[in-house]
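Residue 15 in our numbering sits at position 15 of the sequence shown, and the numbers go up by one each step.
Be aware that one or more of the hints could be misleading.
[As the list claims (entries may be wrong)] Each computed EDC-like pair below joins lysine to aspartate or glutamate, with the alpha-carbon atoms no more than 16 Å apart: (1) K50 to D12; (2) K5 to E119; (3) K146 to D106.
Just so you know, the hints here were simulated from the structure itself, not pulled from any lab data.
These numbers were taken from a predicted model, which means no experiment stands behind them.
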Amino acid sequence: MIDIKVTQGSLDDVADFVSMLYEHTTWLLPTRYVDLPETLEWEEPPPIVKQVLRHTRAGRTRICRHPSDGITGGSVPTDEAPEFVPPADEPELYLYLLVSDARHWDLDIAALVADARAEAARRGIRLLRTHCRTGEDGWLVHDYEKLGFTPTLEFEVLRADGSFWPGQVLETRV
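Let the sequences and hints guide you as you build the complete structure.
Structure representation (structure tokens):
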């Protein structure tokens with residue numbers, strides 16, 4: 001069994017985290033930044049980079065570290081759902097910006113979800129939610145169901161190019 005460690009993220013991890021987001025969600029980060037550390041020093045970095053920096057500085061990012069491949073996944077467990085998801089009727093932990101290197105997807109996502117469940121339990125929160133893309137025959141939704149999540153609300157996010165990104169909110173009880 002591979003020993004995937006989930007730890008608090010640091011500013012040193014931001015470039016790897018943002019690179020993984022780029023690989024999987026180019027609509028959030030439409031440009032690949034060749035020199036991301038330099039980009040992080042911009043007065044006005046792209047919104048997603050600002051979000052990752054804000055969450056990291058606040059100590060909210062969680063990073064998966066693979067023994068031989070380094071940083072392979074990340075997430076932001078937060079008390080608030082993103083603006084495109086209706087708020088819950090009870091306290092929740094929302095697993096935001098959940099991403100993994102494709103080589104370790106199953107292990108990383110399972111480790112990050114287990115880490116979020118433990119954090120929710122520690123805080124006395126019973127609801128854990130996240131979201132994912134619904135395209136490609138819904139395979140990603142099914143993968144989350146295997147981790148104990150139940151699909152709830154479908155939504156769409158308008159992209160800058162005028163197209164829509166189809167999403168699914170999922171929840172599980174802790």
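Hint check:
1. The suggested pairing of K50 with D12 holds, with an alpha-carbon distance near 15 Å, which does not exceed 16 Å.
2. For the hint pairing K5 with E119, the CA-to-CA distance comes to about 15 Å; that is within 16 Å, so the pair holds.
3. Using a Cα cut-off of 16 Å, the hinted pair K146 and D106 holds, with the two alpha carbons roughly 10 Å apart.
Violated hints: none; the structure is consistent with every hint.
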